[in-house]
Amino acid sequence: MRLKEGRDHQVYEVLDLHLEPELERRMMALGLTAGTRIEIVNNQKKGAVIVKFRGARFAFGRRIADQIQVKEAAGWGNTAG
Amino acid sequence: MGEYSGVIRAGLIGNPNCGKTTLFNALTGANLKVANWPGVTVEKKEGRTTWQGQDFYLTDLPGVYSLASYTMEERVSKEFILSGEADVVVDVADASSLERNLYLTLQLLELGKPVVLALNMMDIVKERGMELDLPRLSELLGIPCIAISARERTGLNMLLYAMSRYEEYGNPAMPAKRERVSLRLRDRQDAGKQRNRLSEKWNPTFERGMKSASLAGVSYDWIEEIISQVVKETENHTLLMSGQMTESENHAALIPRQVTERENYALPMPGQVMEREDSTVSIPGRAMEETIRKRQDRTDRIDRYLTGKWLGLPIFLAIMGLVFFLTFAVGGWLKGYFETGLVLLSDKTGVVLEAWKVSPILQSLIVDGILSGVGGILTFLPNIFILFLALAYLEDSGYMSRAAFVMDDLMSRVGLSGKAFLPLLLGFGCSVPAVMASRTLENRKDRLRTILITPFMSCSARLPVYVLFSTMFFGKYAMAACYSMYLIGILAAGISAWILFRLDPHGTDYMLLIELPEYQSPDVRSIIMYVWEKVKDYLTKAGTVIFLASMVMWLLLNFGAEGYVSDMSRSFGAVIGKWITPVLEPAGLGYWQIIVALISGIAAKEVVVSSCGVLFGIPNITTAGGMEGFAHILEDMGFGMPNAYALMTFCLLYVPCTAAIAAIRRETGSGKVTAAIVLFQTAAAWVVSVIAYQALRLWGF
Chain H
1 MRLKEGRDHQ VYEVLDLHLE PELERRMMAL GLTAGTRIEI VNNQKKGAVI VKFRGARFAF
61 GRRIADQIQV KEAAGWGNTA G
Chain C
1 MGEYSGVIRA GLIGNPNCGK TTLFNALTGA NLKVANWPGV TVEKKEGRTT WQGQDFYLTD
61 LPGVYSLASY TMEERVSKEF ILSGEADVVV DVADASSLER NLYLTLQLLE LGKPVVLALN
121 MMDIVKERGM ELDLPRLSEL LGIPCIAISA RERTGLNMLL YAMSRYEEYG NPAMPAKRER
181 VSLRLRDRQD AGKQRNRLSE KWNPTFERGM KSASLAGVSY DWIEEIISQV VKETENHTLL
241 MSGQMTESEN HAALIPRQVT ERENYALPMP GQVMEREDST VSIPGRAMEE TIRKRQDRTD
301 RIDRYLTGKW LGLPIFLAIM GLVFFLTFAV GGWLKGYFET GLVLLSDKTG VVLEAWKVSP
361 ILQSLIVDGI LSGVGGILTF LPNIFILFLA LAYLEDSGYM SRAAFVMDDL MSRVGLSGKA
421 FLPLLLGFGC SVPAVMASRT LENRKDRLRT ILITPFMSCS ARLPVYVLFS TMFFGKYAMA
481 ACYSMYLIGI LAAGISAWIL FRLDPHGTDY MLLIELPEYQ SPDVRSIIMY VWEKVKDYLT
541 KAGTVIFLAS MVMWLLLNFG AEGYVSDMSR SFGAVIGKWI TPVLEPAGLG YWQIIVALIS
601 GIAAKEVVVS SCGVLFGIPN ITTAGGMEGF AHILEDMGFG MPNAYALMTF CLLYVPCTAA
661 IAAIRRETGS GKVTAAIVLF QTAAAWVVSV IAYQALRLWG F
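Order-wise, the sequence lines are chains H and C.
If you're matching positions, the first sequence starts at 1 in our numbering and goes up one per residue.
If you're matching positions, the second sequence starts at 1 in our numbering and goes up one per residue.
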């Protein structure tokens, strides 16, 4: 599934990034590579997505979030409550 | 080199939001110089400091996540480090997201320069129940690793000490150093069973990592290995572990999570999926868990409101409204005092000059040219001061990037990224930094569209024009008339962006990619530095460009074909103004004085006000008395409310000031594009002011 389709407070594992090489390199610098665990903090229906990975919080625009393939991972959703 | 002999030159580098600028300010104090890197508009800050008789020359490099040369900032940083302009590189890392920060550190090590790792925000690490084994980290990386707090200004002596001894860990002994590191690792293998197990698994990876690590080759597997060796649990953590917490609750309190997981359960080989050995742990009591969770989730809890689906936008608008109120209401109050001072100075100077029997030309130059020009600008200093104070607060607290997120949905409708909101917002302060801020956008088309519309955001220099004309012609609705200018500017920007987006056959992509830092109470020192820089910038601009413009204006208006003319209507300015008059007739601006004032406004928008003073012969035009006299003159000329509104609209949209044009030229890197942008804006100004004027006339004003 695509990251954009994800639920709030759910943790996913990145399977694949379908971004242009430059952007993919940038993602790598941020630590987002295949296998990275990523938690959705706030997925706005039409707009951007707030995610957490490797201890930092990022906002991704819709287009980026649409091109990251993820699968659900068992784990902690720590932003609830 | 001569200039630097005996001085240690250091470059400060680090991820955005890691506290690098705070550290730079803490080290250098007010001894700094701000310029641009040659050829690009990335800001270059340099400062000096002395510690135990040793001079340091510090360069603050732009915030970057890597040195992959993907962005202008990355290229600039890499070139600086490779050029040998720095003896030592200080890598400032946010210890609370060490994993990501180490990526840059490892890339830096590959460049072979002496590097000192300054670990900031160690207190957050502690709050999270973790501890960093700094001696171990230092050993693994082969460089000094020093815990600092840029805000509390601790650890700075240690840092400077490490910097001063850069030759001991620097190039070219680096590769040998690394071998020693590996050797030391092997020595440690008998230091305990656990350690032994770690090292065995870790060592091959480290060596492989070192061998294959070209800049792009620094891998996160490698970083994770390092992390697993240096991150330890503290008492807090132990307490947590001995309690009865469920697995998910436990992890709720522990970040970075990957780290904890690995520390607790096993050391993974790269790519290997972790098996949980122990899925239940106990808890000392609900209270403990609560405290930790509270601290940790503070940012998330604030974000639930500030970036929430329903509250995000209203809160954003309220904050913007508050900034606006502070700038104009509080700034206006301070402005009163400046005005009184200005009138006093102008009067006194006139008296003194009269007493000294100075020639009338010189008297006119000093009082009408210099004093009214520069003085008029100084009165707006309070507004600009407060605006930048508010912007600095928003930036430093971490809200600014949330604004980009909140606005992403709305902005994307006109084909802009939410990130384009930052330059636009800054545009309300000054177009120059705003245009420069557009470089945070990666996509060139996105950037060009943003640059094109940014000057439509009504900058603070345009406010004097609105205030003057709205006060004279709108009575109690003056404030509303002023406010409408901001709305028209936003609309013009939105419509322009939308049209350009639609016209583009390739339909470019917008992409938001921004870090949302932890919220923090802003650092007073950083804010003071930021505001001081901006105010200084404004003042030096007032002192040079605007002063020159005042001189040119004075010449244009006091000299004509016959030389010095006492009658302004025979001056060069009048000739130019009269020539353009028919063009602006449909907008109700067919008055040569007004046109000359508008031309002078190209030097800087606020000059329109002082030019009106000179052109209509009104000293201290911004005072109540001055305005009354001015209003009478204008009304006698048939210039009424619709004309005033058209003038305000025109001022809002037409050619940006020379400094902004210069910034646009630098950002776009093309004179042609710059000319096109300027022409587009002037055309837009003409169209909108004609519509405004004709509409108001039809309405019966």
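It is worth saying that the hints were derived from the structure and are not from the lab.
Mixed in with the good hints, there may be bad ones.
Claimed, not checked - Listed below are several chain C residues computed to face chain H (Cβ distance under 7 Å; list not exhaustive):
(1) 66
(2) 68
(3) 103
(4) 307
(5) 405
(6) 515
To be verified - Only pairs whose alpha carbons sit at most 20 Å apart, straight line, appear in this in silico SDA-like list of lysine to any residue:
(7) H:4 with H:34
(8) C:672 with C:658
(9) H:52 with C:498
(10) H:45 with H:23
(11) H:52 with C:658
(12) H:52 with C:672
(13) H:71 with H:16
(14) H:52 with C:518
(15) H:46 with C:305
(16) H:46 with C:498
(17) H:71 with H:22
Built from N, CA and C at the ideal position, the CB exists for glycine as well.
We went through each hint and held it up to the structure:
1. For residue 66 (chain C), the interface hint holds, the least distance from its beta-carbon to any beta-carbon of chain H being 3 Å, beneath 7 Å.
2. The restraint placing residue 68 (chain C) at the interface with chain H holds, with a minimum CB-CB distance near 5 Å, inside the 7 Å limit.
3. Because the closest C-beta pair between residue 103 (chain C) and chain H is about 6 Å apart, less than 7 Å, the hint holds.
4. At a threshold of 7 Å, the smallest CB-CB gap from residue 307 (chain C) to chain H is about 6 Å, leaving the interface hint in force.
5. With a cut of 7 Å, the hint placing residue 405 (chain C) at the interface with chain H holds, because the nearest CB-to-CB distance is about 4 Å.
6. The criterion of a C-beta within 7 Å of any C-beta in chain H is met by residue 515 (chain C), whose closest approach is roughly 5 Å, and the hint holds.
7. Between residue 4 (chain H) and residue 34 (chain H) the CA atoms are separated by roughly 16 Å; this keeps the pair inside 20 Å, and the hint holds.
8. With a C-alpha separation of about 16 Å, the suggested pairing of residue 672 (chain C) with residue 658 (chain C) holds against the 20 Å cut-off.
9. Taking the CA atoms of residue 52 (chain H) and residue 498 (chain C), the gap is near 32 Å; set against the 20 Å cutoff, the hint is violated.
10. A hinted pair counts as satisfied when its Cα atoms are at most 20 Å apart, and residue 45 (chain H) with residue 23 (chain H) does not qualify at roughly 23 Å.
11. Of the supplied pair hints, the one linking residue 52 (chain H) and residue 658 (chain C) is violated, its CA atoms being roughly 43 Å apart against a limit of 20 Å.
12. Between the alpha carbons of residue 52 (chain H) and residue 672 (chain C) the distance comes to roughly 43 Å, so the proposed pair goes past 20 Å and is violated.
13. Taking the CA atoms of residue 71 (chain H) and residue 16 (chain H), the gap is near 10 Å; set against the 20 Å cutoff, the hint holds.
14. With a CA separation close to 12 Å, the supplied pair residue 52 (chain H) and residue 518 (chain C) stays within the 20 Å bound.
15. For the suggested pair residue 46 (chain H) and residue 305 (chain C), the alpha carbons sit about 18 Å apart, so the restraint of at most 20 Å is met.
16. Of the pairs offered as hints, the one joining residue 46 (chain H) and residue 498 (chain C) holds, with about 18 Å between alpha carbons and a cut-off of 20 Å not exceeded.
17. Of the supplied pair hints, the one linking residue 71 (chain H) and residue 22 (chain H) is violated, its CA atoms being roughly 24 Å apart against a limit of 20 Å.
Checked against the numbered hints listed earlier, the structure breaks hints 9, 10, 11, 12 and 17; every other hint is satisfied.
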